[in-house]
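S.K.: Chain B: place on chain A using the hints.
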Amino acid sequence: MRTLLIGMIWVYQKVISPLKRPTCRYYPSCSEYALWLFSYSNFWYALLFSLRRILRCNSLFEGGIDYPIISKRITPIFGSPRLIKVWLVPLCPQKDWSAKGKFYLIKSMKVVQC
Amino acid sequence: MLDNFDKLNLQMRILIATAISLLFFIPYSYFFAPVKEAPLKESTSMERAEQQAAPQTSSSPKEGQVSSVAMAETSPSKDIIATVQGSHFRLEIDSLGRIAQVYLKDAKFLKEQKELPLLAPLSSLRPLEVRFSDATTNKEAFAKSYYSDRDLVEIRNTPETLTLTQELEGFKLTKKLTFYPDGNYDLEVETSGSQKRFFLSPGARPIAESDKFAFNGVVLKESGGTIHTTEDGDAKKDEIFEGARFVASVDRYYTTLFFVKEPQGLRVVISKNAEKNPEPFVEALDHLKLSGYIGAKDFRLLESIYPSLTDVVEYGFITFFAKPLFLLLDWLYKFCGNWGWAIVLLTLVVRIILFPLTYKGMVSMQKLKDIAPKMKEIQEKYKGDPQKLQVHMMELYKKHGANPMGGCLPLLLQMPIFFAIYRVLYNAIELKGADWILWINDLSVMDPYFILPILMGASMFLQQHLTPTTFTDPMQEKVFKFLPLIFTFFFVTFPSGLVLYWFVSNVFSIAQQLFINKTLEAKKRAAAAKPSGLSD
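Top to bottom, those sequences are chains A and B. Quick note: the first sequence, position 59, residue 59 per UniProt numbering, numbers continuous. Quick note: the second sequence, position 118, residue 118 per UniProt numbering, numbers continuous.
Isolated chain A, as found in the complex (with noise of 0.2 Å):
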C-alpha cells in the first residue's frame, strides 16, 4: 500500500505535474512532502498530514516553507556517516533519548556521499 502510494507519487512528479504550471505555495512541494512523510513515518499518519497539507496549499493561508514533521525514537550510534539522505532536526533539544521525539525531516539537498 505503502510502496504503491510512493509509486503513484512518483509517477505523478515525472508525468502529470510537469503538465501543469507550478501551483505549490509551499517549500517542500505537496507532493514532496507526502513523499517524504510516506518513505518515513507511519502510513495513517503520513495519510493525515500529506491530506492537512494540501487542504492548505491554497490562497487562504501563507505558503512558505513548510517541512514535515514525524516523531522517532533515536538509538545514537557513534561513528562517521558514511551517506546522508535527510537529516533530522529536532523540534526542542532532547534530554531524554529513550523516549520518542519529534523531528523536521529535511531532505539533503544531495545525497551526500562521505
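Hints are supplied without guarantee of correctness; some may be wrong.
Said to hold, decoys possible - Once the Cα atoms are required to be at most 20 Å apart in a straight line, the calculated SDA-like pairs of lysine to any residue come out as:
| id | chain 1 | residue 1 | chain 2 | residue 2 |
| --- | --- | --- | --- | --- |
| 1 | B | Lys-481 | A | Val-15 |
| 2 | B | Lys-399 | A | Glu-62 |
| 3 | A | Lys-85 | B | Lys-388 |
| 4 | A | Lys-14 | B | Phe-487 |
| 5 | B | Lys-388 | A | Glu-32 |
| 6 | B | Lys-481 | A | Gln-13 |
| 7 | B | Lys-399 | A | Glu-32 |
| 8 | A | Lys-20 | B | Phe-480 |
| 9 | A | Lys-14 | B | Val-507 |
| 10 | B | Lys-481 | A | Glu-32 |
| 11 | A | Lys-20 | B | Gln-464 |
| 12 | A | Lys-20 | B | Val-507 |
| 13 | B | Lys-478 | A | Leu-19 |
| 14 | B | Lys-388 | A | Met-109 |
| 15 | B | Lys-388 | A | Pro-18 |
| 16 | A | Lys-85 | B | Pro-386 |
Since the hints were made in silico from the structure, they are not lab data.
M.R.: The following block gives chain B in isolation, referenced to the frame of chain A:
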C-alpha cells in the same frame, strides 16, 4: 525543429513521445472501438435449450433445495400476438408472452427518420420471459403459445390493461399487464394456484447504444439501499438478492427494469449466460406482482414513476459526485432552458466557489513584477538546482509578503468536477442531442468543426501569457509552452460540452485576472497620488 529535438534532454523526449502516443490512441480507440452487439446469429436448438434453462437456485432459502435445471428443446415461432401503441413508444408482444421489441417514437430518438428499436433482434433474454424451475413445465411453457385478449392496445392518457394467457398441463398462466402513457407498466403473474416456482426476467439489456465506454449490464438496488452493478462479461456466478428494490438491465441511455414499491422487495437472481453477461430474474412462487419500465433513462421521468429509480442512472465510480452535479446542472437548465448555457452557468458557479481559494494568489501575481529583478538573480544563481531555487523563491515571496501560487487544493478540486461533468455528458440521456448556439447541436459528441477545441487552446495560450509563471525547471517550461497545442488535439475527440466547460473556465479565469490587475493598478495609482498630495 528536428535539430532542436536532438538537443532536448531525455525526459523531454519521453514526454513528447507520450503526448504523441496519447494523441494517436485516444482518437483511435474512439473511432475503432469494438462495439459489443448481442450475438445476432441464429443459435442451434441445443444452445437455445441451454439458454432457456431456469437459473439454478435453491427453490426456497429455508429448505435449501436445489431445483433441477429445466430445458426446452424446441422453440415455437415468435409471432407477434399483440401491439401496444403509446404516444412515445410502440411495444410488441410475441407468442411466448414476452416483449419482443420496443420502439421509441420521440423525435429525439429517431435514427434516420425511423423509430428506435431498443432490444437485440434475436436470441436474447426478452423482458417478461418466464422460466419454471420444474424442467417438464419449463419445456412445455416454451412450446405452447400464449393468447392475448386484445390485438392492439392504444394508450391515450389513461392506463390500459392487456391480459396474456398460456394454457399449461394442469394450470393456467396469466400475465395481466397495465400500461401507462410514460412506458411504465404494472404486472401481475398468476399460475392459478399451481404452487409452481418460476422466474420472470426484465430482459437482457437494450442494445440501442452499446458504447463500450459506458456501463452496460445490470444495476440492482439492494434492500439496504446499496447499488450493486454487474457489468457485461463480468458475471462470474449466480447471485441472489433478497428484498431488492429494483433490478434494471441498462445500456448507455436505455433500460428495461422491474421494481416494487412495497418494502418486502423482490427476490432477484442474477444469472449469467455463455458470454458471461448478467441475466436478471425475479423469483416467485405461484404468483408475482410488480411494476416495470422500459425506455430511456430520463432522470425526471424515472423520478416521476418512482423516486428510487433515479439510481438506475449509473455514472461509474464517480456516481456519488456526478449525481448531485447532474442535479445542479438540471436545476440550472430549468433556469435558462438550454444545456449549453447551463454548463456556462455551472462554470461560473465553480469559479465563484473556488474564488476565495485562488484570489490572493491572483493578487500577488501583480507584486511579482516588483520583485522580478531579484527573482532573475536567484534564477541565475541556482540554475540547474531546482530544489535550492525553490527554497530561495519561497524565501523571497515571504520577504515581500507575496505568494503568487494558486495552491494545489483548487487544482485538485477541479479534477473530480471535470471528470464528473465528463461522465454526466456521456451518460445522461438529457444531454443527448442537446444544442447550444450556432454550430453546436449535440453537446454529448465531439465538435464536428473543431472550433471549440481551437478556442479552448487559444484561451489557454492567452491565459499563459497573462499570468507570468516562474519555473524552477527549464524542461517544464518548454513542455508548458506546448501545452495549449497538446490540449487542443487532446480535446478534439471529447464531448463538446466538456470542451465548452474548459473553454469557459479559461475565459472566466482570464477575466478574473484582468479585473484584479486593473483594480490593483488603479489602487496603486491612487496610493501614489495621495502622499504627494499630502506633502504639499
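S.K.: I'd like to know which numbered hints this structure contradicts. Please list them from smallest to largest.
M.R.: As far as the earlier hints go, 7, 9, 10 are violated by this structure, in ascending order.
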